[in-house]
Structures are given as structure tokens and as C-alpha cells.
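Q: So the chains spell out like this:
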Amino acid sequence: MAMRPVESTWYRDFIFNLTRTKTRYDEAISQTTSGKKLNHLSDNPADMAYVLTLRSKIGQIDQFEKNINSASGFLGASESALNQVQNLLSSVVSLAEQGASESTGAEGRRIIADNIDQVRDELMNYANTEFMGNYIFAGSASDTIPFVKAADTWDAVNNIWIPGVVSYQGNSDTINIQADFSATLATNVPGDQVFVNQNDIFDRLSILIQALRRNDTAGIGNQIGSMNQLIDQISESVGTIGNKTSHLTQIKGMLENFKTAMQAKMSSLEDADMAEAISNLSREEVALQAALQAGARIQRFSLMNYLE
Amino acid sequence: MNLFSALELGKNSILTQQQVFQIIGHNIANVNTEGYSRQVVDLESISSSVLGLKDGGRGVNLAGIRSIRDRFIDSQITERKQFKGYYESLSGAMAAVEALFDEANGLGLSDSLSNFFNGWSDVSNNPTDIPTRNSLVSKAQSFALATRNSYQQLTDQQEVYDSGIGTLVDGINSIANEIAVLNEKIAYAEASGNPANDLLDARERRLRDLSEKIGINFYYEQSNHSVTVEVAGRPLVSYSSVNELSVQRNQYNSNYYDLYIEQYGLPPLNITTEVVNGQMGALITARDGQTVTGAGQITAAASAGGLTTLTFSQAHGLSVGDLITINGETRSVTQLPAGNQVVTANFTTIPAVGDAWRERNGYIPEYKKQLNKLAGGLIYNLNALHQQGYGLNDAVAPLRDFFRMSTAPAGVTVTGVAGNTVTFSAGVAGTLNVGDVLTIDGETRLVSTVVGNTVTVNNAFAAAGGPNWEYANIQGAANTFEVDSAIAADSSLIAASSLPTAGVGGAVGNNDMARQIAQLMDANNVVDSDNSGSGDYGTFHEYLHALYADVGNAGSTAQYEFDANGSMLTYLENKRDSISGVSLDEETANLMQFEKSFQALGQFMAVINQLTDVLMKIT
Numbered sequence: 001m002a003m004r005p006v007e008s009t010w011y012r013d014f015i016f017n018l019t020r021t022k023t024r025y026d027e028a029i030s031q032t033t034s035g036k037k038l039n040h041l042s043d044n045p046a047d048m049a050y051v052l053t054l055r056s057k058i059g060q061i062d063q064f065e066k067n068i069n070s071a072s073g074f075l076g077a078s079e080s081a082l083n084q085v086q087n088l089l090s091s092v093v094s095l096a097e098q099g100a101s102e103s104t105g106a107e108g109r110r111i112i113a114d115n116i117d118q119v120r121d122e123l124m125n126y127a128n129t130e131f132m133g134n135y136i137f138a139g140s141a142s143d144t145i146p147f148v149k150a151a152d153t154w155d156a157v158n159n160i161w162i163p164g165v166v167s168y169q170g171n172s173d174t175i176n177i178q179a180d181f182s183a184t185l186a187t188n189v190p191g192d193q194v195f196v197n198q199n200d201i202f203d204r205l206s207i208l209i210q211a212l213r214r215n216d217t218a219g220i221g222n223q224i225g226s227m228n229q230l231i232d233q234i235s236e237s238v239g240t241i242g243n244k245t246s247h248l249t250q251i252k253g254m255l256e257n258f259k260t261a262m263q264a265k266m267s268s269l270e271d272a273d274m275a276e277a278i279s280n281l282s283r284e285e286v287a288l289q290a291a292l293q294a295g296a297r298i299q300r301f302s303l304m305n306y307l308e
Numbered sequence: 001m002n003l004f005s006a007l008e009l010g011k012n013s014i015l016t017q018q019q020v021f022q023i024i025g026h027n028i029a030n031v032n033t034e035g036y037s038r039q040v041v042d043l044e045s046i047s048s049s050v051l052g053l054k055d056g057g058r059g060v061n062l063a064g065i066r067s068i069r070d071r072f073i074d075s076q077i078t079e080r081k082q083f084k085g086y087y088e089s090l091s092g093a094m095a096a097v098e099a100l101f102d103e104a105n106g107l108g109l110s111d112s113l114s115n116f117f118n119g120w121s122d123v124s125n126n127p128t129d130i131p132t133r134n135s136l137v138s139k140a141q142s143f144a145l146a147t148r149n150s151y152q153q154l155t156d157q158q159e160v161y162d163s164g165i166g167t168l169v170d171g172i173n174s175i176a177n178e179i180a181v182l183n184e185k186i187a188y189a190e191a192s193g194n195p196a197n198d199l200l201d202a203r204e205r206r207l208r209d210l211s212e213k214i215g216i217n218f219y220y221e222q223s224n225h226s227v228t229v230e231v232a233g234r235p236l237v238s239y240s241s242v243n244e245l246s247v248q249r250n251q252y253n254s255n256y257y258d259l260y261i262e263q264y265g266l267p268p269l270n271i272t273t274e275v276v277n278g279q280m281g282a283l284i285t286a287r288d289g290q291t292v293t294g295a296g297q298i299t300a301a302a303s304a305g306g307l308t309t310l311t312f313s314q315a316h317g318l319s320v321g322d323l324i325t326i327n328g329e330t331r332s333v334t335q336l337p338a339g340n341q342v343v344t345a346n347f348t349t350i351p352a353v354g355d356a357w358r359e360r361n362g363y364i365p366e367y368k369k370q371l372n373k374l375a376g377g378l379i380y381n382l383n384a385l386h387q388q389g390y391g392l393n394d395a396v397a398p399l400r401d402f403f404r405m406s407t408a409p410a411g412v413t414v415t416g417v418a419g420n421t422v423t424f425s426a427g428v429a430g431t432l433n434v435g436d437v438l439t440i441d442g443e444t445r446l447v448s449t450v451v452g453n454t455v456t457v458n459n460a461f462a463a464a465g466g467p468n469w470e471y472a473n474i475q476g477a478a479n480t481f482e483v484d485s486a487i488a489a490d491s492s493l494i495a496a497s498s499l500p501t502a503g504v505g506g507a508v509g510n511n512d513m514a515r516q517i518a519q520l521m522d523a524n525n526v527v528d529s530d531n532s533g534s535g536d537y538g539t540f541h542e543y544l545h546a547l548y549a550d551v552g553n554a555g556s557t558a559q560y561e562f563d564a565n566g567s568m569l570t571y572l573e574n575k576r577d578s579i580s581g582v583s584l585d586e587e588t589a590n591l592m593q594f595e596k597s598f599q600a601l602g603q604f605m606a607v608i609n610q611l612t613d614v615l616m617k618i619t
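So the sequence lines, in the order shown, correspond to chains A and B.
Residue numbering for the first sequence follows the working numbering, beginning at 1 and increasing consecutively.
Residue numbering for the second sequence follows the working numbering, beginning at 1 and increasing consecutively.
Next up, chain B with everything else stripped away, as it sits in the complex (with noise of 0.2 Å):
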């Protein structure tokens, strides 16, 4: 060894000390940095050049960066980031519905709905009285409206959720667009031999925001150093390449959004019922409702008309308005007709005998089911009694309803009344459904069964009646729920007496349907519950606080679930940073470290350098 190679040592030694505050500076720079893994250098002495030469080593080099990281918790804070995803905007979503139920503070429909039943009581107590009528009206009114507004609001909270699919779509393409790229510099990165710890840390990073936005599953190649993310079980991101998602509206379920993945080769594949988790699977279900496998199969499908008709192995517990979705495919349900079979608009391909199939069940569509059988529930009760009463001038039944109901479609009429079965001048499948209510003369009746132009219902008529009808669909029936008009301009027409009221001797003191009416507050089964063609279900009340408790638990679920995630998580990324995160402590031990060695090469230089002088003065 001679002094110059000394002094190449200690240059050399000097550059690789410089490199590692470079490190310790990166790692403390990135101390606040989500998802960053402290990195950490391999230092190793350089052996003499040439083998057997006894002039000793030539100081320090780099031998590489290493970032600390344990991909097993990396993947699990992945994992429970679409748990949290999830439960994070469906507590978020129901939390919007609860408010728009506001009972707890006594503003809701609970309230509007005893109020209204309570003018009935005042009308009986003095059944002349016009302002006292006029009250009942109003009450009337708004306790429609109330049931209107809360369900054109939850069809609002569905269509931000139908927008909010639109807007995540793009943002999980960039992001799996990233990805992509990603995996191809790590790749580049990793076969030129040089560590690509930041470009992993940032791939984590996206998988971890990608997961929380939609559910993933995904598995690291060893050939590459890539990852494949998969979405519903196809592949979204496979190393360089994206099967990008996109959204096509569905006009069987609203005009909303589903969701499609492009297929190499193929036409893009419907998954809207397959995204479960993430926020896109929050999103679908409270817009939707949770997708669940019907019971049963298909024994048999057939299309014509440009309907398809589904029979099913067993009871299918379907209502009109139903999402139906087999092989990829949804149709709502639009007709009802008996013996385990529903009738939906044409399925592209027709299902095969044995297909399975699926259905939504609870959140919003569910709410709103409820909303509409209560309303229901409402317009055959009440105009049930209300039209055989009589108003304050009425010589006769005038066969008023309370609330308004849909004239029959014109050149339609009642043929024939015999019973409980109804024969119509034509086919009436798909105006009339299971559950709706039909009144023929003054007498209203809840639809059982529909077949062509035969209908049959809950009750037999007493009268054989005709030609004339009216009905409401219990499908919508809160959207158009509303006060007769007639009843609304004028209040006189509330048929509060049992019997005829024109005239000298008229009974306009009479209050029996009145009374009757504000009965209806404690009657049983009045809601049809189970799409069944009768009543069924404990009092309005009691209906109306059941669809509170469902609301209230799936909020409280998702609430419970999203704080068990955020504890889960908090574990998982301390847990996480106790490995790969940086300790300002140890950075700074490390730097103090390095200083020492720093200086004492310095000093080292300068002694070199000083008997280089010596050398020199020799001379």
C-alpha cells in the first residue's frame, strides 16, 4: 500500500459515507410519507485488488439500499383496506337515509301519520264542521306529502350513489393505469439491478387507495416482480396491460349505472352483482340492495312478446319492480302471474333450465318497497270504507275515494263480477299486479291473482258490478300517494256519515265512518307485507316502525363494522410502521453515527495528507 492508494481510500470512503446521509436524509425527509419503508444500506469493506498482494483493503462501498418491508402485513392492510372501503360509505349512505327519517325528534312520518288518523277522530267529534274537516285535509296532505318527499329522497340518495359509480369508475382506472405502469419501471428497475424501493412503496400505496375503492384480489408474479390485481375474479391490471371498467346505463333498473370490465377479445362483462366490497360495493348496495342467490332454479324459461317468462323451482318471494339477475343479465320484474312464475322484459339470452339466480334484498329499493305497501296499505283501507260513506250532502253513496287512485285505460271495462273473480273486456296483466288495489262500484278489493283478462281478489264482491273501475298500483304507490282532488277543494266531501245526508231529517251528525276510519289507527293486518294479495302485517304504525328498525340496523351494522375495520387497520399499519416506518431516533443515532466516521475519515485524509508533505519535503 502506498499513500496515494491510502488517499483513494479515503475518497472513496468519503463518497460512500456521503451516500448513506443521503439515505438517512431520504429517510427522514419521508418520515410523514404514507406507506413509505425506511430504507436501510448495506455497507462492505473493499478487498485488496489483486488476490495474494499483502497491501490490506481499500476501505468502503455501497452494496446496496434495502427497504424494510414484510409484504404479508402489507397485503393485509390491502385486504381490510375494502372492509373499510365498504362500511366507510355505506355507514356514510345510511346515515343520509336515517337523517331523512328524522323520528327522534319528532318531525317524521310516525307523527304525521297519528295526526292525520287523529283528524278523523276530530271530524267524528263534529262532523258538520267545515274547519274542522279542512284540518283533516291538510293533515291528510301532509302526511302524503311527507311519504312523497321521503321516497323521491331516497331516490335521490340512489341516484348520487348511481352518480358516485360513474366518478369512482375513472378514479379506479387511473389508478390501475398507474399500476400498470408501475409494474413496468419496477420491472426495468429490478432486471438493471438497481433497487426499486420507492416505485414498490408507491405500488403499495395504489393497491392499498385501489382496494378501498373496489375490492381486489391480487398476487405478486416472481418473474417480473408485478402484480396482478383482479376485480370480481377478472383480471384489471395484469403487468403493463388494463381491462379498463366502464359503466353503461341499465334501463331495467332506473337508467342506472352497471358495471362492466373489459374481457381481451370479448365484449365487456357485466359485474355489477359481483363487486361486493369497496366503496363501488357500498355504493351498489345501498343502491340496490345487497345481492343475494334466489332460492331455487329455473325450471323454465320462455320469451315472446318481448317479455320473458321465469318459472322457478320453489316460491320465489318476488314483487313487481324486483331486480332479477341471471348470468350477468338484470330485468326488474314486471308481472306477477301464479304458480312460481314472474314475468320480466326479454332477456337477451334466455336462461337455461337449472341457471341460478339472484336478488337484491334490503337497503333503499327495500325502504322504498315499504313506503309503497304502507302507502298502499293506506289507499285500500281507507277508500275501502270511505267509499261507502257519504259526505255532507249526499242522498245517495256517492262512491268517493279519500285517496286519488288511476282510472282504468280507456275501452277496458268489468264484463263480468261473480265472486271474487272479475272478467275484463281485455287483458289487464302488467296494469294490474298481485297486491294492487281495484275498486268496481264502490267496493275495494286487494288483486290475488292476475291471468289475461281474469282477475281474482282478496274478498267477494257483494254486487255484481261494472262496467266502470279504478285501481292503484302498489308499485309507486308512495310516489303518487295524494288527497282525491275533488276531497281537496272541498272538504264538505268527506264521507264522515254512514248514512244519506241531503235533505230535511239527513244524517250529517252521523260519524260511524268517520270514527271507523280513525279506527283504522289500531286495525291489524292491514299492510300487505308479503306481496300476497292481503293484509298481513300489525298496524300502519307498527309497519311504519319496522322499516325504522331495518334503517336503524344497517346503519348501526355499518357503523359497528367500519369502527371494528379502523381498529383492525390502526393495528395492522402500526404494526406496519413498527417494521418499515421510520424512527426519527434512529435516523438521528444513525446520523451521529456517521458524523463520528465522517469526521474521523477527514482526520485520516489530513494525516495522509500530511505525510504526503513530509514526503515531499524529503525530496
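Bound-form chain A, shown alone (with noise of 0.2 Å):
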């Protein structure tokens, strides 16, 4: 419908059609300043909702991430200590072996079975590994420390010391790790399972170096064999180790990949195109450019300049 052009109408939709230019412009520069096309919640309510769930969700990611990362260091922590006792389980063998040997005599045999003590007692600090203030291998006791020594006792009858007997304080509670979000994984190994269950080990190595003390070829040779089980018997628990090691490193690949997919999702929901919104950018200046100058135009002409 044709109206009566009046005045006031050009300068209402003059205003009218300024402020929502202006808006426009307003919305592209903040799209193009913020790299994004979410910036209040009003923006766009469900898409908002879906990004703040993967927000969460990313966040959640990330402190699976750091689980595992401090699950890692524990085990890798377990595993070294352990590859130590193996070392020197391995070192107790050879020093049996010679022990064993026709040509070493009692007092070889003796100087021996002190150094096996010593490795005995060396074994236990390993067994008594701390990481991070906590007692690795005391179960879910990380504050006890797992093996303790009784003094070394008289052997009246074979007039040799008895090592003291090493017992087990800590328990037998797995620790476990959230490392994804359905997944939970123990990263530790008790000690009475690594140390003691199957075999005590420091019992074994006692019984050996009483053997050496009393110079019982036929004990000694007894206990080499026994040696090579407590050897097995760590590989085992250093093998569960790796276990678990490795399927730590697996879930977190797998959480990575999640990750980088979440990230996509939700960059693609909050995140502006950016050559879409500079090219917004850039016609809006141009539709406010032109409203600014039809603006300026309004009443140039008017029959007021022709009065003389």
C-alpha cells in the first residue's frame, strides 16, 4: 500500500532499520572477536546444553588422563623395585651356586651367607619402596610400612645366628584407578601377594643362609632350585605390572581419540566459520554503511530550500 510520505516515518525507519543493522554488525564482530557463535545462552539454548555437556565431558577426559598418568608412575615405581629384587634374587643364585661348590670351604661358606643377609635385608628396603609418601607394596596400608625385621635370634644347637624373621604389616587391598568412564584398574600389587603368599621369600632366603651357615652342602643345593621359583614368582607379578601398563596405555589412546572427536563436535556447535563470519563481517559494514549514508540523505531535498 502506497502511503503519505511524512517525515517522521523516514526518520522512525531510518532508526528502526539502523539498530537492527547495528545489531547484526554487533553479533559478526562478536562471532569474529570470540572465534565463536555460542556466546550466551540465549544464543542457541540446545546447542549450548550439548556444548556445556561436552565440556564436562572433555574435562572429565582429562582427569582420566591424569588418573592414569599417576596410576603409571605407581606401577612403573612397582615394576623397577621389583626388577631390582630380581636382580637380586638372580646375584643370591650365583652366590649359592658358589656356596654349593666343593671349593668353597666353611668359612667361604659363612662369608657368603653374610652377604646373602645383606641382600636379604636390601631385598626387604626394596620391598619397602616409598612413592610419593606411600608404601608401594602394603596394599591399600600406604602409610604402614609393609615389611619389618625381628633381631637376629642364637641357634644354640648349630651355634649360628638365625636371620630375624621379616613380616608382612601391610594388607591385602587393591587400589584402584578410575581410568575411563566405565573401566576401573588396581594399580598396585599387594606385597603379601608378591612377597609372601606363594613363597616367602624372605623366609626361603633365611633357610638358605642358615644352610650356608651350617655348612649343609646337601641344604644349600636344596635351595637353589627353590631360588629360580622365587625368581618366577616375581617375573609373575613384574608381568602383571607390564599387564597393566600396557592396557593403561591402550585406554588412554582410546580416551584420546574420544577426546579429539568430543573436541570436533564441539567446536563445529560453538565455534563460528571464520571466513563465513569475516565475510558477515564485511557485508554488514557494508548494509550499515549504506543505511548510515541513506540516513545522512533523509530531507536533503525539501520544498523548505526553495523558499525564498
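What the hints contain is simulated information worked out from the structure, not anything from laboratory work.
Among the clues, some could well be false.
As the list claims (entries may be wrong) - Incomplete in silico selection of chain B near chain A, CB under 8 Å:
hint	residue
1	L499
2	R515
3	E573
4	D577
Just so you know, even glycine gets a beta-carbon here, dropped at the ideal spot from N, CA and C.
Build the complex from these two chains, which are given one at a time in their own frames, with help from the hints.
A: In C-alpha cells:
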């Protein structure tokens, strides 16, 4: 409908359209500068809620990775302690073989026995390894020193010192971490499981030491075989730990993929397409310029100008 | 005709022309006056004074001044203004609410909640590390603080709107009085035959302002040219009398203002729930929620001991703290007995069977309720686990809360626990309500029903505990949400372990509890969204994000409607101006036209004057 043209409608239209153009221009600027198309809850409530959920999930994945790293540290410390224990046990085997040899005399055997007694103490130190202030082989009793040694006792019959009994003070509890949204994984092997339950390593070493001190070559020979059992026993635990570590690495890789996919989805929802945002911005700029120019022209031509 | 009457003709006509110039000037001067209707003059020729005499006419006379207006478009603009006022204020209010939840920039509750749960994961990674525990405490405190702040800021917003209502009432009354005065003046002017053009414009302008402030109905009286204005179906202005609006604080609605209108010969009438448009409607909606009719009717109502118990014909869906309005009286729900009943403070007029009732939906009260439910869900789920755990030096489970709960009222003890029924030594209705958290000897449950001194809970108790108990009200849970003060002071009390921790071999490295609590982040059905006394809604984050979606949707809808009404109004105002507005070109053309005739009249009088001179010289 053709309307009677009146100045006030020109100005009203001008202001109304200028406001609209400016609003769009502002939006284009904020999208370009923030790089995001979701800047307020009301920009797109459904997408916004989705983005926030994704953001919390990504934060959670970061936390899982943190959990895994912390567990890896723990497992790594356990593994290296047990590797040392294996080395020590191997040295015990060669010492025992030397002790079993005919050429070694009673005095030699006593020296070897003292050596092995020291190794036994050293081995206990490894079993009492601390990682970040926690005893790693104490089960969940991580502030309780897991292995303590009683004083040596004098065997009056054989006239030898019997090495002090080593007893386990930790518990059999496993410590689990949350590795991803559903998987929990034990990060420790309790000391009783490693050192005591199958064969009591400290007890076996004590028997070997006593045989050496008694100069009992038959007894020494018997114990060499069981020393290899002990090495196997530790290997078993090392294997378990290795499996866990590789499982964690696997989960970590999966989480990374997960995270990448979520980040991509989040970006597609909340990030502005820069090419589009910038072309929007220049379009709105042109529109704003045109609107301002049109506004400046309002009433340039008026009958008033021709009044004499 | 003689020369002297020709001079008289000239004089009259010049005077008339001058009046025309005045009108043109008036129009030009008002070119920018909002709502001004251009005025046009009606000229008429003056006929001969005596019928039958052949002496021609006597020039021109001003027959009248008309303003050009289209009352239909005027009315449309006035009507449209109430929606503009409503959506403008509402979108402003929602923008303020949105700003409280600044999630888009990652500074909001959602991230803080994630940090809190991740803090539990950190503790589970290193349960004996005190700095890690301290960090969890501070994460929990900052989430609790953020929740309380959000809740408090929502309340602050409500108070801003509440005081806005008081201010608006003054503005509305003063406009109503101006309209009454204008009604009177217009009636006088019209009765005395003077066109009341400018007064009519002034009244239209005030009607528009009034409509923007509070939705109105209005109609024009034929008899005296007055306009009658109604608010919520009650007369506000009729001719020269005004029934003023007033506010009174409603003790049942946080002492907020209720809106009243004067009635002739009767006490003022409460119209709070009936004003749904204009800025006033927006303020009430943002503060109290949108008024909607409740499902079903009242089937029974009884008052006793300062309380009214209402029975509904079907499930009412109300929760404690909700507002309910019957026959203009508003109360808040204080208890929720079973069987479609609610208990409120006493109704002055006891509702009758079959009465309809109204409740409020959405907006700030709803957001606060959702924050309460979120906080309530966290208190329930966290404490239920935490109560069973052990701190760093506990030989027996210390039954400690992580989030603070209220201690039982003095003298009220648990006298019996059997399955999911708990008996107390005294009535607990009002203290405990459906959806509240109840802990007896380390077992934490949600309250399902409360009748007298018997309470049922969502899950059976394992042990027959008592007599001590503690609780957390779901209503206002977000407002008092806080970490247990003992834990805040000593983070070693955080129960990360599920086994005794004291002494040699104590399971301080056990992290089962911390891990389970961290896992609550992904747990489903942790929030009791429908006030049934059992969890039914998604994860904590999902619930929070749904709240955000509500806020965002309310904001974007209000903004959209505001924009749409803006376009509509611009169109209508342009249309009005195309009819009633001043065109400078037109006025200039008129000016030129009348200048010419004015000049011609001057010449005419000069000629007559010369002719008179000629006659004078003859003598």
C-alpha cells in the first residue's frame, strides 16, 4: 500500500533499520573476535547445553588421563623395584651356587651367608619402596611400612645366627583408579601377594642363609632350586604390572581419540566458521555504511530549500 | 456592495489567512512531536448577510480546525504497546538472569561442578596427600559458594523487580490521573464547541504509555468523548474518577508486593495474578513465574491451627514453597501430605469445593527451585557415600557428612526404624517434607511421605538406628549449601577410604569412597526433579544444563517476541504517521499557497484603498 510520505516515518524507519543493522553488525563483530557463535545461553539453548555437556566430558577425560598418569607412575615405581628384586635374587642364585661348590670352604660359606643376609635386607628395602610418600607394596595401608624384620636370634644347637623373621604388616587391599568412564583398574600389587603368599621369599632366604652357615651343602643345593621359583614368582608380578601398564596405554589412546572426536563436535557447535564470520562482518559493514549514508540523505531535498 | 464592505471583506479574510498561518506553524513546530495529529483548517466562504440582496459574498471564514486521525490505528498501537512493554522488560530481566550463569565463557557452575568431581579423582589418586585433599575442599567450597551466589543473585533479581513494581504503580497512577483530567477537559472543550485536537493527542499518548506499563482495555464513550480504562477487567479510569493501584506486602510470598486496585465501596482487590501484560506483567512474571491455571479443582478444604489443608481432584504437581492462588488469595505450600493434598498458611476465605486454583510456572522461582534440587541431589548422593567412609585416622566409621546438614530439633528423636518407615517422638510435618534428606546412624535416605510423626523413605534402612538424626531441607538447599565445617577445617577427615584407616595396617591408601564419589559425576537419576522423594533425572551436569536451556529459551523467546513486536509497532506507527503525521513539504506547499493568497488580498485592499482615495478626491 502506498503510504503518504511523512518525515517522521523516514526517521523512524531509519532508526529502526539502523538498530537492526547495528545489532547484526555487533553480532558479527563478537563472533569474529571471540571466534564463537555461542556467546550467550540464549544464542542457541539446545546447542549450548550440548556444548556444556561435551565440555564437562572433555574435562573428565582430562581427569582420566591424569588418573592414568598417576597410576603409571605408581606402576612404574613398582616395576622398577621388582626388577631390582629380580636382580638381587639372581645374584643370590650365583652366590648360592658358589656356596654349593666343593671348592668353597666353611669359612667361605659363612662369608657368602653374610653376603646373602645383606642382600636379604636390601631386598626388604625394595619391598618397602616408597613412591610419593606411599609404600607401594603395603596394599592400601600405604603409610604402614609393609615389611619389618625382627632381631636375629642365636641358634645354640648349631652355633649360628638365624636371620630375623620378616613379617608383613600391610594389607591385601588393592587400590583402584578410574581409568575411563567405566573401567577401574588396580594400580598396586599388595606386598603379601608378591613376597609372601606363594613362597615367603624372606623365609626361603633365611633357610638358605642358615644352610650356608651350618655348612650344609645338601641343604644349600636344595635351596638353589627354590631360588629360581622365587625369581619366577617376582616375574609373575612384573608381568602383571606390565599388562596393566600396557592396558593403561591402550585406554589412554582410546581416550585421546574420544577427546578429539568430542572436541571436533564441540567446535562444530560453538566455534564460528571464520570465513563465514568474516564475510558476514564485511557484509554487515557494507549494510551499515549504506544505512548511515541513506540516513544522512533524509530531507536533503525539501521544498523548504526553495522558499525565498 | 460598497467599498467599505469590500475593505471589511479584505480585513476578515486576512485575519482568516493569519489563522491558517498559525495552524501551519503549529503543524511545522510539532513535526517531531510523538503522537501529534496534523491539523487542517476548513475554510468557508461568507455569504451575503441579507438574503435576497444582490451584493455578493463577504470573503472567507475559518469554519473549523480538524485533526487528522484514524482511531482504529491509534487503538492498535495502544494495544500493541502492552506486548512491547511486556517483552521489553522480560527480555531485559532474562538477560540479567543469563548474565548470572556466565557459562559461555567457562566461568560458571558447570565447570565448577566438574572441578569438584575431578577433585575427588585427584584424592583417589593420592588419598594420603594432604595438599590434594585441601585442594578438594577448596573446589567443593568454591562450587558451594557459586551455587549459593547464583541463588542469592536470583533472589536479588526478584527484589529488584519487586521494588520495580512499587515504582511502576506510582507511574501508572499518575498517568491514570492525567487521563482523568484530560477526559474532563476534552468533555468541556467539546461541549463548548471548541475542537480538543491537542488534548486528544495528549490523551492518546498517555493511553499508549499506560498500555506499555500495564496491559489495559479501553473504550471511548460517545456521550462525553471520555475514555474508560480497565486493568484486569476492573475500572482504572472512568471519566474523571480514578481507582488507584496500590501495593501491599504479601507475607506468604517472601514479603513481596501484591498489586491491588481500589474498588468503590469495597476493600482494594488483589489483581497480582491477573496482570499479564505491560512492564508490570513482565515484572510479576519474572519475579513469581507465569500464572497458570492448576489442574483439576479443589475437592475439600479445611482450616485448623492456622493452616489450611486443600485436597485436589487430581495430582497437583506442587512442591513446598510454591505459590498457590485461590479467589485472589495467595499462599505458599508449606507441607505436602500424601493423597493430592497440600497444606498452606490459613486462607482468610476458606476455598469452596469446585474452586479453581492457580499456580506459577517458570522464570526465577523455577530456576531457584532447580538449583535447590541440584544442591539437594548432591547433598543426598554425596553424604550417603561419605557417611560410610573413613578419614585418614578412623578405626570405626565416623558417620561424617561431606555437605553440611541440619541437626534435629531439640527433643525430637527417632523412636523406631523398620524397613523404610521411621517413627519420631513427635510430629515432624513441616520440619521434614517430601524430597528432604534424612540421615539416621550413617544411613542417608530421601523422604517419601510425612504423616504426623511417621516418615517413609525411598530405600529401607539396613539397621534399626536412632535415636539421633539429621536432615537437609530440599527447599532452600542451594541457599545454605556448604561443606561440613569440620572437613573444611581438617581435610584429613575426608572419607576417601572404605576401610578402617587407624593404626598399623590401616587402609589409608584405600580410595574406594573417593573413587565412587568421583563416579557420581556420571551417575544417572541423581536428582529428584519431580519431588517424588526419589532420584529420577539424569546426571548432575545434565540437570544443570537443562536449567541453562530453560534460562536460554526464556531469554531467546522474550527477545524474539520483543523484536517481532518492534517491527509490528514500527509498521503501525508509520501507518499512523502516514495519515496523521506532519509532512514538511505539504506544510511548505500550503505556506506558499496561502502566502500567495495573502499577497493577493493585500493587493486587493490596496486597490480598494486607491479607489476610496479616488472617490475622496472627487469631492
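Q: Compare the structure with each hint and give your call.
A: The hints, checked one at a time:
Checking B:L499 against chain A: minimum C-beta separation of about 7 Å stays under 8 Å; hint holds. Restraint check, B:R515 versus chain A: the minimum CB separation of about 6 Å is within 8 Å; hint holds. Because the smallest distance between the Cβ of B:E573 and any Cβ of chain A comes to about 6 Å, under 8 Å, the interface hint for this residue holds. Taken as an interface hint, B:D577 checks out: its beta carbon lies about 5 Å from the nearest beta carbon of chain A, inside 8 Å.
Of the numbered hints stated above, none is contradicted by the structure.
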